[in-house]
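Chains as they are written, first to last, in our numbering: chain F, 14 to 347; chain E, 14 to 347.
Hints are supplied without guarantee of correctness; some may be wrong.
With a straight-line cut-off of 35 Å between C-alpha atoms, the simulated DSBU-like cross-links for lysine-lysine are [claimed, not checked]:
hint : chain 1 : residue 1 : chain 2 : residue 2
1    : F       : K225      : E       : K154
2    : E       : K22       : F       : K225
3    : E       : K211      : E       : K192
4    : E       : K268      : F       : K297
5    : E       : K268      : F       : K211
6    : F       : K22       : F       : K156
Calculated from the structure, these hints are not laboratory results.
Number of protein chains: 2
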Amino acid sequence: MNKQIIFKKRPIGFPDETTWNLESNPIPELKEGEVLVQQHYISLDPAMRGWMNEGKSYIPPVGIDEVMRAGSIGKVIKANNHPTFKVGDSLTGWGGVQQYVATDGTGWFKVDTSIAPMPLFISTLGMPGMTAYFGIQEVGKIKEGDIVLVSGAAGAVGSVVGQISKIKGCTVIGIAGGKDKCDYLVNELGFDAAIDYKSEDIHKALKEKCPKGIDVFFDNVGGEILDAALSKLRMHARIVICGAISQYNNKVRVKGPSNYLSLLVNRATMQGMVVMDYAKDYGKAAQEMGMWIAQGKLKSKEDIFTGIENFQDTYARLFSGEKKGKLVLKVLEE
Amino acid sequence: MNKQIIFKKRPIGFPDETTWNLESNPIPELKEGEVLVQQHYISLDPAMRGWMNEGKSYIPPVGIDEVMRAGSIGKVIKANNHPTFKVGDSLTGWGGVQQYVATDGTGWFKVDTSIAPMPLFISTLGMPGMTAYFGIQEVGKIKEGDIVLVSGAAGAVGSVVGQISKIKGCTVIGIAGGKDKCDYLVNELGFDAAIDYKSEDIHKALKEKCPKGIDVFFDNVGGEILDAALSKLRMHARIVICGAISQYNNKVRVKGPSNYLSLLVNRATMQGMVVMDYAKDYGKAAQEMGMWIAQGKLKSKEDIFTGIENFQDTYARLFSGEKKGKLVLKVLEE
Chain F
14 MNKQIIFKKR
24 PIGFPDETTW
34 NLESNPIPEL
44 KEGEVLVQQH
54 YISLDPAMRG
64 WMNEGKSYIP
74 PVGIDEVMRA
84 GSIGKVIKAN
94 NHPTFKVGDS
104 LTGWGGVQQY
114 VATDGTGWFK
124 VDTSIAPMPL
134 FISTLGMPGM
144 TAYFGIQEVG
154 KIKEGDIVLV
164 SGAAGAVGSV
174 VGQISKIKGC
184 TVIGIAGGKD
194 KCDYLVNELG
204 FDAAIDYKSE
214 DIHKALKEKC
224 PKGIDVFFDN
234 VGGEILDAAL
244 SKLRMHARIV
254 ICGAISQYNN
264 KVRVKGPSNY
274 LSLLVNRATM
284 QGMVVMDYAK
294 DYGKAAQEMG
304 MWIAQGKLKS
314 KEDIFTGIEN
324 FQDTYARLFS
334 GEKKGKLVLK
344 VLEE
Chain E
14 MNKQIIFKKR
24 PIGFPDETTW
34 NLESNPIPEL
44 KEGEVLVQQH
54 YISLDPAMRG
64 WMNEGKSYIP
74 PVGIDEVMRA
84 GSIGKVIKAN
94 NHPTFKVGDS
104 LTGWGGVQQY
114 VATDGTGWFK
124 VDTSIAPMPL
134 FISTLGMPGM
144 TAYFGIQEVG
154 KIKEGDIVLV
164 SGAAGAVGSV
174 VGQISKIKGC
184 TVIGIAGGKD
194 KCDYLVNELG
204 FDAAIDYKSE
214 DIHKALKEKC
224 PKGIDVFFDN
234 VGGEILDAAL
244 SKLRMHARIV
254 ICGAISQYNN
264 KVRVKGPSNY
274 LSLLVNRATM
284 QGMVVMDYAK
294 DYGKAAQEMG
304 MWIAQGKLKS
314 KEDIFTGIEN
324 FQDTYARLFS
334 GEKKGKLVLK
344 VLEE
C-alpha cells in the first residue's frame, strides 16, 4: 500500500487535524513511459503554508483531495519503457507527501547518491540551497566587504546564505531563535555574529552587532525583523524578499514594513525572488556548492524525522523553530 | 525689511500655528563674494514635512529658529564681487521661505527666464520635474508598451511622470482626488485613464482600469494606494518609492504595505529615489523637457498663491489636495 497525506481543507491560520488526512491507497499502476518512484525523504519547507492558500501565487494552490505537495527524493523501483530513467536510479522531484509515486519524469532529475547522502539533494543541493545561492548572489548582489544580515539564519536557506556570503568575503550576521542556534551559526558555520530574537531586543542587538548598518538583508521572516532591518540600511542597500515565515499563519492581514520609507532615504531596493526562475542554472550551482561542501567551506545540516504518520507534527516544527538546519521527513527506509 | 518664515517647533502630526513664526528682519548685508537675491517664488513641496522631523534622513532636518527650508527663484539685486553672478541674473536655489537671501552662490543656478516664466523653473524645469524625469526613467525603467500607474498624478511630480510615460509609449493610469483633477489628467494631459480615490473604490477601479495589471507604479502617496497597487503587479514590475504623502502627518507609525509579498510572487522590485543623486544630469534633463514643453508634448501647470503671510495656509493645500499642479507661493512681485 501507498501511505499518502491528502489535503482536505484549506487552513485559516495554523493547520490543524482537519487540514490533512493520512490515507492508504494502492500503489499506482504504471502507464507506458512511466516510472514508479519509491520515496525515501520528503522536504518540509515554509513555502508549503502558502501552497495551501487559495488565490493567485507563483504556482497554483494544492487542490482539495490531492496529495500534499512537497519536494522529495527516492529510487526508481519499476519502469515501463521510460526513455531515460531506469530501475535503481535515484530521482528528486515534486513527489508529494506519499511513499510511492508514478511519473512520466516531468520535473524529476537524476542525482548521484554516491557523492552525497540522499537528504542533501533536497537540502543544500536542492531547492533551499538553490534559493540561497541565487537569492544572495543574483538579487542580493553581494560583493566583498558587504555587511550581510540574514533572518531565519539557522534554517535550510539562511544557513547557506550566510556561508556563501562568508565565502564571498562579506561580514555576516545571522538572526535565529535560541542560544543553541546562535552558537551553531558562530561556532560551526563561521558567522561573524548572531542575534537571538527570542531573548534579545532586535533593535538594540542590531545597533550593537551592525554598528555600520547593513548592505544586504536576506529576509525569510518578515514582520518586526524586517522593520528593524529597514531601520539599519546603508546607502544603496538591497533587501532580498525570500519569505515571511512570521506572517504565513496570520489570520489577520500581513504586517507590512512600516519603515519602508527607509528605501527612499537610502536609495535602497527591496526585491522578491522565486527559485524556479533560475532552473536553467541549477546544474552549475550544484557543482559549485558540491565543491564547497567537499572543501569543507559549506556545511549542511539536515534534521531528519521518521514516519509519514508524523507529518503534521514535523510540519509544525517549521514554524515553532524546533529543528536545526533543513527539516526532512523519512517516509520509507533506504 | 526681509519677511521670513522661521521654524519654531517640530510638529507632531500636522503643523499648526506654533510651528512657524512670520518675522521681519533687516535685509542682510553682503560679505565679499556674495550676492543678494530678491526672491519672487517659493516652491511648496510635500517633502517639506519630512525636513521638519528630527532624525537621520537624506538631508539634515531644518533647525529650530532657522528660516524654513524651500526651493526658490529670484533675481540678483546686489553683488559684492561675486565671481559669476551679477545684478539682474535670475537664480534658482535653496533660498528658503523669505523675501531676500544673501548667498555665495553655492547650490544656486542661473536660469534664462526669456525662454520660460519664472515659476516653471521651480516646477517642471526644477526639482519636481527632475524627480519625475529620473524617477520614472532611471528607477522605473519604463519601456514602450508598459502599463504605468502613478499616484498623486495631478501633482507637480505625478503629472510629469505620466506625461513622460506617454511620450515614451506607455499606457498611463493616474490616481488623483476629485473629478476635476481626473478630467484634467485625461482631457488635458492625455492620460489613458484616471481613478478618483475620493469617490471610487481603489481596488475595484484598478481592476477595471488596469485589467492586465501594472508594470510600473510610481508612488507619491503610500498607505492604502500602495497596497492596492501591489495587488496588481505584473511579473518583474517596478515600484518607484518617491514619497508617501498620505503618511507624512501620521501621529502613529507609518502604515507599511501589507501586500509587500506580492514582490516575491511577481519577482518585483521596490526602490527608493532621491532626486539630488541625479544633479550632474539636470542640465540634460532640462534641455529635453524644455524641448517637450516647446513642442506641446509636456504641459506644466503652476498654482500660484500670493503673500508670504499666507505660507501656512498655502502649505496646508499640499495635503488637502486643494490645488492643481505645482503649488507655488509668490513672496515678492517680479
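Each hint, compared with the structure:
Between the alpha carbons of K225(F) and K154(E) the distance comes to roughly 31 Å, so the proposed pair stays at or under 35 Å and holds. Distance check on the hinted pair: K22(E) and K225(F) sit about 31 Å apart at the alpha-carbon level, within 35 Å; holds. Pair hint K211(E) plus K192(E) holds up; C-alpha atoms about 9 Å apart against a cutoff of 35 Å. Distance hint between K268(E) and K297(F) is unfulfilled; the C-alpha atoms sit about 42 Å from each other, more than 35 Å.
In summary, the hint linking K268(E) to K211(F) is supported, as the alpha carbons are separated by about 25 Å, within the 35 Å threshold. Taking the CA atoms of K22(F) and K156(F), the gap is near 45 Å; set against the 35 Å cutoff, the hint is violated.
Comparing the model with each numbered hint stated earlier shows that hints 4, 6 do not hold.
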